[in-house]
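A.B. asks: With chain A fixed as given, assemble chains B, C, D and E with the ligands onto it according to the hints.
Listed below, chain by chain, are the residues.
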Amino acid sequence: MPATPLEVEDLSAGYGPTRVLEGVSFAVPAGARLAVLGRNGMGKTTLLASLAGQTKRYGGRIRLGGADITPLSTASRAHAGLGYVPQTRAIFPSLTVEENLSVGLKERPLSALEEAYALFPRLKERRRNLGTQLSGGEQQMLSTARTILGRPTVLLLDEPLEGLAPVICEELMEAFAELARTGDTTILLVEQRIQMALDFADHVIVLERGRLAWSGTPQALTADQDTVERLLGVGGLH
Amino acid sequence: MQTVLSIGVDALAYGMVLFVISIGLSVTMGLMRVTNLAHGAFAMIGGYIASYAARDLGLGYGVAVLLAVVGTVAIAIPIERLLYRRIYGAPELTQVLMTIGITFCIIGIANYVFGPTLKTIPLPQTLREPVDLGFRTIGAQRVFAIVCGLAVAAALWFLIEKTRFGVKLRASVDNAAMAAALGVRTQVVYAVSFAAAVGLAAFGGVVGAELLPVEPYYALRYMVTFLVVVSVGGTGSIPGALLACLLLSAIDTTGRYLSPEYGEFFFYLAVIAIVCLFPRGLIARAK
Amino acid sequence: ETVKVGVIGPFSGPFALQGKNFKAGIDAWFATHGNKVGNDTIEVIYRDVPQPDPAQSKSAAQELVVKEKVQYLAGFYFTPDAMAVTPILKQANVPMVVMNAATSAIVTKSPLVVRTSFTTWQTSTPMAKVAYDQGIRKVISVVSDYGPGVDAENAFKTAFTALGGQVVETVRMPLSTNDFSPIMQRVKDSGAQAVFAFLPSGPTTLGFVKAFNENGLKSGGIKLLAPGDLTQESDLPALGDAALGMLTTFHYSVAHDSPENKAFVEAARKAIGNPVELSFPAVAAYDGMYVITKMIAATGGKPDAQKAVDAVKGLAWVSPRGPVSIDAESRHITENIYLREVAKAADGTYYNKEIATFEKQDDPGLKAAP
Amino acid sequence: MSAQDTPAPVFEVVHLAKNFGGLRVTNDVSLSLRPGDRMALIGPNGAGKTTFVNLVTGALKADAGEVRLNGESVNRLDPIGRVRRGLVRSFQVTRLFLEMTPAEHVALAVLQRTGRSGRMFGNFRAMPDVMEEVEEQLVALGLHDLMHRKVREIAYGQQRLLEIAIALALKPRVLLLDEPAAGVPQSDTGRIEQALAGLPASLAVLMIEHDMDLVFRFAKRVVVLAAGAVIFDGLPADVARDDRVREAYLGSYAHAGHAA
Amino acid sequence: MDRTMTAPLAAAAGRPALGAGPLAFALLLALAGLGYLLFPDNLALLTRLIAIAFLVLSLDLVTGYCGVATLGHAALYGAGAYAAGIASARYGIEDPLAMTGIGLVGGALAGLVCGVVILRAHGLPQLVLSIALVYLFHEFANKASGWTGGSDGLSGVTTGPLFGRFEFDLYGHTAYLYAVGLLLLTLIVLRLLVRSPFGMLCRGIKEDPVRIQAMGASPKAALLKMYVISGAVAGIGGALNAISTQVVALDSLSFTQSAEALVMLVLGGTGSLFGALVGTVVFTLFEDFVSAANPFHWLTVVGLLLIATVLFAPKGLYGTAADWIARRRARP
Ligand SMILES: Nc1ncnc2c1ncn2[C@@H]1O[C@H](COP(=O)(O)OP(=O)(O)OP(=O)(O)O)[C@@H](O)[C@H]1O
Ligand SMILES: Nc1ncnc2c1ncn2[C@@H]1O[C@H](COP(=O)(O)OP(=O)(O)OP(=O)(O)O)[C@@H](O)[C@H]1O
Ligand SMILES: [Mg+2]
Ligand SMILES: [Mg+2]
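Residue numbers (the working numbering), protein chains in the order written: chain A, 1044 to 1281; chain B, 53 to 339; chain C, 5 to 374; chain D, 158 to 417; chain E, 225 to 556.
I should point out that these hints are in silico values taken from the structure, not numbers from a laboratory.
Virtual Cβ for every residue (Gly too), placed ideally from N, Cα, C.
Do not rely on the hints blindly, as some may be mistaken.
Unchecked claim - Partial selection, computed: residues in chain E whose CB lies under 7 Å from chain D:
1. 410
2. 421
3. 424
4. 432
5. 433
6. 439
7. 513
Unchecked claim - Some chain B residues well away from chain E (every beta-carbon gap over 10 Å; in silico):
8. 56
9. 57
10. 108
11. 135
12. 138
13. 142
14. 153
15. 157
16. 160
17. 166
18. 185
19. 209
20. 229
21. 247
22. 287
23. 299
Next up, chain A with everything else stripped away, as it sits in the complex (with noise of 0.2 Å):
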């Protein structure tokens, strides 16, 4: 077994004087699908944001593949792996849809960018468009295909379903799961549809308050309806 792609331990941050995340710790094994759940306002973001190295750090270690990245910068922590899809999109909107592809390109040549288009037909329809003239799904797919041209080990999407039609859904899921099957990469996925994160991922977090409130399977979750309704407001899962 290789190293543990992603060990987070006793990590505390947030925003300017807000402290957000308190001694969150967890690890996730190669290839693994995590799911973080959380209710509104409890800090899913933050985390995800704070792995990527956009927030403020009070406390705590990042590792990534063994090696200690909590004093990288955003763009070597890139480098070393790490693939992130915020939740506003962040769409660069003065670039072309192909210029906005080309920047995950990192120093990968043009030609790769047909693996983009091959998961997402309806960009290469809309290439030569800017970004912000796109449609609010079509940023969407934009935004993940774009950090999944990095090649990241690692992967950290926040709720990178928003917006997409259902069908759409289904395949970009498909293709979620066949990237963490056989590119070996480790994902880290925030979904409001409980049902559809907990069918994705072998690995389920949930978030309370900035901390880490629960965390096993995700058919210890399903079993568990207490947790289910005090830690994500809703009930009857199946």
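C.D. replies: Using the frame of chain A, we list chains B, C, D and E with the ligands on its own:
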């Protein structure tokens, strides 16, 4: 007819000089989104270095130009690291405050070091001869400025629109955090672009010194002109800046010929009209 | 007793050079004459008004009077700055010695104003005669579009037409003009034999003179005539060969040949530091100090503005620029105006060489005023 | 549907069309809403749903077609005029004032609606009727605790809810919701539903949504847009059975069946 | 309702900590009195400072509260100054109150004209429009020298006694007290204005005009209204300047004056009335002290001040201080 032609030539020459000096500003403002009011200050530093090299040290014009560009960039890099880096992405007004502060300091220092008098940059003989165009003569220096302008425009356009570096730069400006998350080393990208913009400023300051002579208040005196030209063209757009320079200089030159006493009126009325018609610049970069 | 003199001028900003010249002139005075008048010691207090800003000038003057208790106000590079202060002189019981501001009307605003510099009318008028005597009959006037420029245009036009010449066109160009090529084209098209030009000293003069040469006017035999602002000594190194042979009329050249001037220039150059920076405001400041010492002597160092001013009416002396006097009625300086040519000295420096003298010129602008 | 006992439409769109360059984004779309209607507009990504909203609200200019409110054409009205006639939208990508608080957002809407937004004195906190409505609206969407925080500091899902609160505070007659639940966690979509359920019956609502559970619970009528054209207009129960819709949009969701 | 719980949060949410109403005004009054006592010989400077403060406040209304970028605001100030000056010099209106009123109207009219033009664009092009406008105003005043005195300045402005009793004399007591009075009155009115629904609307427009449109309000109309108000405020300042110095010159509607006002505003902090005041006071006094101490190098020192402000007080002196206090208070 002769007069018309002659005005046309003057407009072209003046426009290209403006272009050479202000294009660097178009890069900082349009691509790096820094309202860099100190642009003229860097052009001025270039002018001073060239003047010192050519006049006081007696070096050749080419060497002086090179020294000016390299020297200005060398001065600008620490300023970028210490000061500009803090205002990338800051509100426009904050940038205005900081860059005005930098301008004041540079003026004060230039005044102290070089004194308040005008500085000239001696031209080589070839650039000093008037060139005969048949219907009139024009300084060879102006022809040189026109050529430089075109060369700079082409090179810059290629760099920004056609290279990976250009894409990275534009991405970093649109959303630095996201660009970094995709592995772009935004600080390096910024530093390189800034250096390029400053180098262009210095180059323009030297090439344009015949029209806009070098003295400590250069930095403030022409600030508005540069700002106007760049935003009328559409910041960050090379063709836009070129078009704006030519158009505005044509209006300015014609107005100055026909009715100099209302020259300013024409110029600024034209600016208002153009901005109202093209509120995002003649050739706008999409945002 | 200490007698305080408040000097207001541009000591920083784009016009700092002129303020520096004020200071150099005053320092030269002290260096050559000491700072004592009888038992009184003169103390100079400087206040900076970097650009024309009458409000700032006035509040500076008020502060000088009220807080520093100055007995004399002096300096004033720009006309509006001087104008702003005239209304308070009477109440403050303080005379004002204008060391530069060159609009004729200032002396009429208060009986307590004395001027030791010049007016644009005064320096521009003789040029008409120079032009006419050279056989020039058609002139185009090109001036910067602001008060002094308009004064210069009017002065020249009045005098030239009186002589029988013709001003074929008058062009006023914005102060911010950088590119003078179109103006030169206009000059060419006007068919004039000479250009009469007025621009404030500073960076634009360089562009103007260069454009004049580059557009083939110089080689086409057209003469460039101007009051001396255009060839201010501090601009000459930059103008260089381009200005060689240019004719200007002015009240003072640093190269004026007289023992008084030699002494003055030596002291003033020492005071200013860089010798090439010395130019005309210094001499007016120097003479201004002379006038002030006379005033102090007359009043025994006591504040009495009217008495002080009365004491110098008609005062005549030999200034570094030549013989001068204060006109008893207008309180403006009567002086020689010289025709000068830009020449190159043996050591490679450029200077304004005086080639003719118009003696005892008063200010024609006062009579012309409506 | 029989026309006798149903009221006249408040909102009608006839033959609406729009091209972007060569791309036909809206292709002869006609539909209408009556008071009390609860309609869902669904369709693949890039089908032209948001564009449709932009066209009817006047943010974009249509190439052809007409938009009517209460039987009157509003083609000539600018977006502001249309809002004042009661046509209100929410934004798919939140557009909020990051430096202002939720209370201020809702208050602005209330003040604007009641014609007091131009008042140059007083403060909304001192206007009891405004404050009451603000609190009511924020309580309904669970934002009450955050009411005086800057929007910049509240989580995305909460911003989405605020987006809806503003639209509701304008008391529209026709409400266009562009993916109101996107980004809102499942635990909180209930709040949106409740808020919608509490709306006056006379209001006509058109909702764009990709969350099919929400769509089927909310909508009484479903319109499906694909490549700019309406390919289905009917009852929710029928939509999953339509082959074209299934292929273009629903995928396996249709097989799984929905809570009917 | 748990209003008690949200109240301290409101204080923490970035509302200016010192904005606590009457207290702040009392403080201001005390400062004005202190200025009078400490600098009895420098009242002319303080009066000039207050006149500029009107310009900076007026700029804050459109820039700080509405997000309109302008480097041409002196056009409004100069219009007020010339209106008041011309009324006195050419029409013999010498009553200071009347002159102030005329300045106010002049400024408001200029505000209307500038507003109509400037509001046609956003961001940088807007900045350029404002620059073009202020140059046009400047050129116009230069050309119309029959009215304005051109570049020599408009002299011959005379000011009668205030309320028919108090002369504007050399020592500037009347001018200073009048200026302080006007300033306090204006501040009270402006404070009401910025806290009113209209003020809130403007802040909304600053952040997202499209959102405001979607609420059914017209950003353009509101901004134009604000521009006219801002013009009136600047006009008062201009008139005050004309009244107290009895000259008006082209510098009062110059680009330099506009840029300086913007610098003062940003220095103090945009978007709060007190920020505008703090900026004006600090910049003007600083400039005065430094230039008196060393007129030859003050520009460098001012430059350093500006740079230091951006580095250490990025929200402006007042804005950063207010933030800091708010944070201290928010902490339990
Ligand atoms: N820029 C910020 N400054 C201060 N506080 C913030 C900031 N962004 C988020 N927060 C706070 O941090 C907490 C966690 O936010 P976060 O965005 O991580 O939540 P989330 O779990 O992703 O929620 P959602 O499901 O709504 O996306 C929230 O309470 C929010 O108010
Ligand atoms: N300004 C524009 N220029 C060119 N194409 C545009 C522009 N705006 C939108 N489009 C294109 O029009 C199509 C419809 O966009 P629209 O936003 O209406 O889709 P949508 O149905 O709302 O999709 P989603 O469900 O993903 O939000 C998209 O393919 C989009 O790329
Ligand atoms: Mg989130
Ligand atoms: Mg959409």
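A.B. asks: Where does the structure disagree with the numbered hints, that is, which hint numbers, in rising order?
C.D. replies: 1, 5, 7, 11, 12, 13, 14, 15, 16 and 22
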